[in-house]
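Enquirer: Which chain is which? The protein sequence lines are L and H, in order. Residue 5 in the numbering used here sits at position 5 of the first sequence; the count goes up by one each step and never skips. Residue 262 in the numbering used here sits at position 262 of the second sequence; the count goes up by one each step and never skips.
Don't read these hints as lab results, they were simulated from the structure. Just so it is clear, the structure is predicted and the values come from calculations on it, not from any experiment. Among the clues, some could well be false.
Calculated pairs, DMTMM-like style, for lysine to aspartate or glutamate (alpha carbon to alpha carbon, straight line, at most 25 Å) [unchecked claim]:
id, chain 1, residue 1, chain 2, residue 2
1, H, LYS160, L, GLU311
2, H, LYS211, H, GLU189
3, H, LYS211, H, GLU183
4, H, LYS160, L, ASP9
5, L, LYS232, L, GLU273
6, H, LYS160, H, ASP141
7, H, LYS87, L, GLU195
8, L, LYS78, L, ASP157
9, H, LYS211, H, GLU18
10, H, LYS132, L, ASP193
11, H, LYS132, L, ASP9
12, H, LYS211, H, ASP142
13, H, LYS132, L, GLU204
14, H, LYS211, H, ASP154
15, H, LYS251, H, GLU189
16, H, LYS251, H, ASP230
17, H, LYS87, H, ASP42
18, H, LYS87, H, GLU44
19, L, LYS78, L, ASP156
20, H, LYS87, L, GLU204
21, H, LYS251, H, ASP227
22, L, LYS148, L, GLU85
23, H, LYS160, H, ASP198
24, H, LYS160, H, GLU146
25, H, LYS160, L, GLU195
26, L, LYS78, L, GLU138
27, H, LYS160, L, ASP193
28, H, LYS160, L, GLU305
29, H, LYS160, H, ASP142
30, H, LYS87, H, GLU183
31, H, LYS132, L, GLU195
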Amino acid sequence: MKDARASFDPVTLAAIAAAAVLLVGAPFVFYPLFLTKVLCYALFACAFNLLLGSCGLLSFGHAAYFGTAAYVAGHAAKVWGLPFEACLALGVMASAALGAVFGYISIRRQGIYFAMITLALAQMIYFLALQLPFTGAEDGLTAIPRGKVLGLFSLDDPLVLYFTTLCLFVGALMLIHRITHSTFGQILRAIRDNEPRAISLGFEANRFKLQAFVLSAALVGLAGANKAIAFKLATLTDVHWSTSGSVILMTLLGGLGTLLGPFVGALVVVTLENYLADSGLPIQAVIGGIFILCILLFRRGIVGEAQGWVETLRRRRAG
Amino acid sequence: MDNHCMAANAGGETGVREPILRMQGVRKTFAGFVAVRDLNLDVERGTIHALIGPNGAGKTTVFNLVTKFHQPTSGRITFNGQDITAKSPSDIARLGMVRSFQISAVFASMSALDNVRVALQRFRGDNFAFWKSDRTLRSLDDRARELLADVGLDDARDRKAAELPYGRRRALELATTLALDPELLLLDEPMAGMGHEDVDRTSALIRRVAKDRTVLMVEHNLSVVADLSDRITVLARGEILSEGTYAQVSKDPAVIEAYVGTDHD
Ligand SMILES: Nc1ncnc2c1ncn2[C@@H]1O[C@H](COP(=O)(O)OP(=O)(O)O)[C@@H](O)[C@H]1O
Ligand SMILES: [Mg+2]
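Isolated chain L (complex conformation):
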């Protein structure tokens, strides 16, 4: 019988340990608020990747779940004065519910049709956000109070904010890892590999895909709600199609279907946006150019390529 932890080989363990040291040490070197932003978008990308990587479903409307949770959490904090945890929970529930409805509508379609329908549905949310009274239209929801975590520590302290976000991020990442390595995850993988075959074995593919869709939307919601509280802001950008595009870019850049790929992709994109913001350069064009270059140079994304090198090294040493 194999060791229960056999799925974590030494290289992976070393990488996880290094990441832990970096993540804990980072706020003492870089701006905690910037790092918090990276973590929020990294979670967004990881949750998006849950759907693309394990189901092969390319959603072009994931900003809808990010933005909805941002507005709901922001409203709950600002207007209802609810505590931080309750705001997050409401945001997550709102995106999960929206994901259940939109997923039900779109899941029957394949490939480009699926992408188009998810985009169309997300545009509906964008127009709702523009029209509804409680979203603040073009101004968005501003000056959202952050409140306290566990009712004890003020989130206005950047370090508290960062470490709270880090805990949520790590927890969500562990959940994603569990989902992809669960009894459910096995069937999802079979469906991704060969859907007609999975159906012919008696698995109702659409029900499995719908559950994956809802889980993805819920975790994206956690990222959106966290982001709204952290930046005291929920705006139309959060539900805009360019945000849906941006998360696709982060995922592909970092490495599709790898656990850490979306994190690395988010780090690169958010960092670039930050540095380019004051440069007067057209941000979208520059990022688009870098994206094309990366796709040409390393097709499997940054993490995917790195894993490839490690694999080659290991084989060379073994053989």
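Using the hints, position chain H with the ligands against chain L.
Expert: Just chain H with the ligands now, with coordinates in the frame of chain L:
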């Protein structure tokens, strides 16, 4: 030849002589083209029934209709006396009718063992349990290994399905199908692309598993068909050309004519 007449558990409340599968006036058109023309087909319980015919005759379409991957344009299909015309493909599998595909269908990124194991998961109640570790599935490993050994894949357990040669992927697909222990097994060209040795082993396996179930099989290898089948239906242009035992069918002038100049082996 083995005599696969009525299995002991035949019929149940539906009567002893009830065929396990019955197609009545089933038609399928694709944009006006009639692929299957008002087909009447009975498959008797406990038999190996072969469906043969030239390419494009509609054999795979019949499989797609019976397993509800295609909706019939008209007609009625019953399985164990139950009307299944309006069922979904996954319902069909749950009722006990499982198919294999003409183009080898395996889960490419998964190991051979995981391919079979995922089929065995069908019998569990935790298929939606996203919080439950897949390590709990190890209790299925022994059964999965047995199934792999049955098709001669015991040495390929940990290899990715995508890396297996074509003939062995077919064997894997068969093991995965058998994992569900179906009452009616539909095999679409199970031996296409297999070497001599694999053909012999697969023939023996089909004969063995057919002892307590029914098999409907499309196969181009006529010596295999002659050897295995209790009954043969010859299809051409979506219609039944001839039906009977191999001895009867092979003497039918219409069959001989249809097969002249076509690419059977
Ligand atoms: N999905 C489909 N759309 C259009 N035509 C089809 C489709 N499936 C099968 N056909 C046509 O139906 C006929 C029968 O095909 P098929 O059942 O695959 O034959 P066989 O398995 O006997 O070789 C062929 O002419 C084929 O082109
Ligand atoms: Mg065919």
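Enquirer: Evaluate each hint against the coordinates.
Expert: Results of checking the hints against the structure:
no.	hint	result
1	H/LYS160 to L/GLU311	holds (16 Å)
2	H/LYS211 to H/GLU189	holds (20 Å)
3	H/LYS211 to H/GLU183	holds (11 Å)
4	H/LYS160 to L/ASP9	holds (19 Å)
5	L/LYS232 to L/GLU273	holds (19 Å)
6	H/LYS160 to H/ASP141	holds (16 Å)
7	H/LYS87 to L/GLU195	holds (18 Å)
8	L/LYS78 to L/ASP157	holds (18 Å)
9	H/LYS211 to H/GLU18	holds (19 Å)
10	H/LYS132 to L/ASP193	holds (21 Å)
11	H/LYS132 to L/ASP9	holds (21 Å)
12	H/LYS211 to H/ASP142	holds (23 Å)
13	H/LYS132 to L/GLU204	holds (19 Å)
14	H/LYS211 to H/ASP154	holds (23 Å)
15	H/LYS251 to H/GLU189	holds (23 Å)
16	H/LYS251 to H/ASP230	holds (16 Å)
17	H/LYS87 to H/ASP42	holds (19 Å)
18	H/LYS87 to H/GLU44	holds (21 Å)
19	L/LYS78 to L/ASP156	holds (15 Å)
20	H/LYS87 to L/GLU204	holds (12 Å)
21	H/LYS251 to H/ASP227	holds (16 Å)
22	L/LYS148 to L/GLU85	holds (9 Å)
23	H/LYS160 to H/ASP198	holds (20 Å)
24	H/LYS160 to H/GLU146	holds (18 Å)
25	H/LYS160 to L/GLU195	holds (18 Å)
26	L/LYS78 to L/GLU138	holds (17 Å)
27	H/LYS160 to L/ASP193	holds (12 Å)
28	H/LYS160 to L/GLU305	holds (21 Å)
29	H/LYS160 to H/ASP142	holds (18 Å)
30	H/LYS87 to H/GLU183	holds (17 Å)
31	H/LYS132 to L/GLU195	holds (23 Å)
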